[in-house]
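Enquirer: Work from the hints to combine the two standalone chains into their complex.
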Amino acid sequence: MAAIAVRRSVLPGFGLTMGLTLTWLSVIVLIPLAGLFLKTSELSLDQFWVIVSSRRTLNALKISFGLAFLAALVNLVMGTIVVWALVRYRFPGRRLLDAIVDVPFALPTAVAGVALSALFAEKGWLGAPLAALGLKVAFTPIGIFVAMVFIGIPFVVRTVQPVLIELDPEIEEAATSLGANRWQTVTRVILPSLVPALLTGLALAFARAVGEYGSVIFIAGNLPNVSEIAPLLIVIRLSEFRYADATAIAVVMLVAAFLIIFVVNRLQRWAQTRLPMH
Amino acid sequence: MRRLLLAFAAVVWAGSASAADLTLLNVSYDPTRELYADFNKAFASAYQKETGKSVEIKQSHGGSGAQARSVIDGLQADVVTLALAYDIDAIAARGLITPDWQKRMPLNAAPYTSTIVFLVRKGNPKGIKDWDDLIKPGVAVITPNPKTSGGARWNYLAAWGYAQKKFGSADRAKKFVADLYQNVPVLDTGARGSTVTFVERGVGDVLIAWENEAFLALREFGKEKFEIVSPSLSILAEPPVAVVDKVVEKKGTRAVAEAYLNYWYSKEGQEIAARNSYRPRDPEIAREYENSFAKVELFTIDDVFGGWTQAQKEHFAEGGIFDQIYKN
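Those protein sequences? They're chains A and B, same order as listed.
Each residue of the first sequence is one higher than the one before, starting from 237 at the first, in my numbering.
Each residue of the second sequence is one higher than the one before, starting from 146 at the first, in my numbering.
The following block holds chain B by itself, in its conformation from the complex (with noise of 0.2 Å):
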């Protein structure tokens, strides 16, 4: 009976080590499940070929802003890749990121880009074109909580850069967003979840999405159901990607990491961002992808918001902008 006991521990104590050599965990924003189910492949397979080693790579998503508090509050992420730099920034400020991780990789630790459009139902039977109808009475607008989610905060922001530019004044931007705020029925925890709502339970006139989202939704659920309305200006988003020293020094993948995420700067990278409908970086594969994406006209935050920190203070902490705007 002993010797039963002792060999079954055995097995299963050999059958607990972990079948690959090295474990990442990328805890990343809502609508990347996708592209990095693609980009995790490719990279396994690539490191296995330079290094002879196996990587597994585990995935967390979610709202950008709610997954970087995870992280803040203790999920041993190995990478963070998330909607935006603040998300980041509020993570390096507790410590576990070097403050000047965006330098360490080239364009701002950003290796593809995307931007915010609309995705309507087909037919477009409520007749949206731009920023101007969503605030029309009898539109019901599909957006998430800025409170939790990145792409949130990014639609947010091209809808006050939009009014700004149209109307000159930034009272004039703060009521035309409350408009477009009081024609939200429903702010999912993130973008994906926004997503859901408007395509799987039918809520909704307009989603205002990433441009990837939106392509992702006419892929899975077919061009006959949804399509696209490119509005006349919208914001260049630049979702950054960083190792987060503390844990990847705690655990020793520190190479592995860097070399996952420089992973997304080689061709093969960029083009398995620019396939998932991510705005590749590089040149050259920015022309080859270049009829896939809409032609917009984009404005940076810096432009107009004078950054992240500036914009996040003003808007979405509390008792900021959107919290005055938004009772609910």
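So that you can see chain A by itself, here it is in the shape it has in the complex (with noise of 0.2 Å):
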């Protein structure tokens, strides 16, 4: 209390900005996951430990978990190479493909669930083609993923994007009258500056594929332990009326992504002690 106090700032209504700031956070995020707590603390631990370890759960689990760091990463990698091409070069249509890059945060998920599950079923257009190769997309855990990867393009691209227009291609080209090839160039003049916006960029991507639930359930089989997603096994739960289940792993989920999150921000905070160029 004693810091605040000191750096109060001269403009009045502090006491009524924090007063307002608290009460918001609190009734839109706060108390509904202290609710999820509470919720949950109705078991015993024993309780507890038998749902959260069943092999439904950790599959779902794992299937959520797992397939949503594997969107991520591919996120990462071509989320890059986007923003790359959106900031860096000038080409007709630009503009038209950066406004593209938003359409998965605009759309509705179930609009691109239904819409997904239709362009990669059997019959359809990408379905069709890769089924004659053998690869079956749709209702499986291929189309989870498709799905993830899918919602995941926004994130990678708007968190980078800023920070790649600030870096001044005048260090790009120092670099190259000093000697660089392009490969060192890239690796350890520009990439290290943007290893901070990338990080974050994999964390949002990440978490908002673990919970997605619109987009994944029309292309996901949803047939238990082969692909069925966390969040649809918590809705499941809670429709057999078996509300502590239903928080139980729901809780899990929370603690499983404030860890990872957690994670990825001491790397961040890393990237930007040791790395070069901050």
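Rather than coming from a laboratory, the hints here were simulated on the basis of the structure.
Positions of the beta carbon are idealized from the N, C-alpha and C atoms, including for glycine.
Take the hints with a grain of salt, since some may be wrong.
[Stated by the list, open to error] List time: in silico PhoX-like cross-link candidates among lysine-lysine, alpha-carbon distance up to 25 Å: (1) A:Lys-372 <-> B:Lys-370; (2) B:Lys-472 <-> A:Lys-298; (3) B:Lys-198 <-> B:Lys-396; (4) B:Lys-396 <-> A:Lys-359.
[Stated by the list, open to error] Chain A residues, not near chain B, derived (Cβ > 12 Å throughout): (5) Ile-317; (6) Val-323; (7) Ala-357.
Expert: Quick look at the structure:
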């Protein structure tokens, strides 16, 4: 409290603003989350463990987190390439492409889900040639992966874009003039300055993919243990009126997500201190 | 500026008034979307002709058990048209419907009946002829979750009834049903959900479905893709209807709600049921549509299980036989 008092600004309104902020965040974020923990605390530790370690729950969590991580990695690589093209080059249609990157963001998730499942179904435009090659996408874990990649596209691009715009091309030119080849310029000059933004983008894409429900359930098979995502399992438990089960799984997801975000955050701080260009 | 705002507010207020004189909410079970689309249109025009008032009927669909719980939790349904009497009894037990609701309308308040049949892929590649084929290894069976769906519970009881008659003991019946559920890869929350899984997602070899759902699948997706197999023995399902007293008293819609349900017992209502592959009760219309329905030997829930309350307690309650055999 003392620190706040010392740094208090001369501008009026601190009390009111702080009060409104705390109230708003509490109502929207903290109280619902606390409710989640409260409902779960109705279970004994044994019951909680039984629910969380059941085969179906573990498989659902594995599918959700595992595929979300893979999808986020793919988005990291592809997103970086996309943002590079959008920022560094000028070509006709660049603005249109830039706008298209936002489509997965703007599209209602159910619409995205239906579109993807129609596209990748066995008779769909992309599904048919893939099926001919022996690859079934819709209603399999691959379909889940595709949906997660789709909705994660804007996160890496939009997080890295401002940083890349700020990055002066002069620095690259300086590196080249000092004798660095293209590979060295990329790995020693450009990428290091992007690492914090890349990690943030990765974390955001991952977080979004883990929680994604609407776009995924249409294209997932929803078969327990095979292609069932954790949010769907939570909904099924709710529909069976097993509220405590549902909140138990939700709590596990919440804690895991927090841990991962925390780790990424630490990585970012480390990157900022250790890597050059900062 | 003020006048503009006032005018705008007036327009919004006037526009938000309902277009119809009366509105009803019908909370129904999963497969009846098309049935009530037909029925509501016919009723609305008949009611308009008779009383001059226009009525708008809003629909809600979902697994019968889940719908019943929504009504108990406060969903303001004027009428409930669910898959089985127990779900309406559960609502009555909470005081929302009078306990003698089933006697207020003819034929146990069930204006049509149905039964449970199998839907298989065209050509019947797995050779499904009867219930025994469903427990064979390598056969994937699609049926919904008895915890939420009414159709699912009829399916379960039909299977149990068959096994009990064939093998003679409840233990053998339990083993049979347990084996059956071993072959089920996914339990959807409602009958329509299972139909979607079987038909659109291509999961499973056989769908245990309401007879009306099976016929609907043939109509919508083509007879070239699926065929109906009638089991040798199935259960007579009597989906009942009821007015939710507490709600109609509050909203003042009792007269129109009762007229709505009574329309089921008119010739037009029965015709609509038959057209949508629900077995009509009216003997004349039943005779007319005789050939549109499968010829199946039917038993009732009272015959084998002693009624819904008994069946629900024994099989579907928390810790009941279904919970014992299906651990997932």
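Enquirer: None of the hints should be skipped; say for each whether it holds.
Expert: Hints versus structure:
{"no.": "1", "hint": "A:Lys-372 <-> B:Lys-370", "verdict": "holds, 20 Å"}
{"no.": "2", "hint": "B:Lys-472 <-> A:Lys-298", "verdict": "holds, 20 Å"}
{"no.": "3", "hint": "B:Lys-198 <-> B:Lys-396", "verdict": "holds, 16 Å"}
{"no.": "4", "hint": "B:Lys-396 <-> A:Lys-359", "verdict": "violated, 49 Å"}
{"no.": "5", "hint": "Ile-317", "verdict": "holds, 34 Å"}
{"no.": "6", "hint": "Val-323", "verdict": "holds, 41 Å"}
{"no.": "7", "hint": "Ala-357", "verdict": "violated, 9 Å"}
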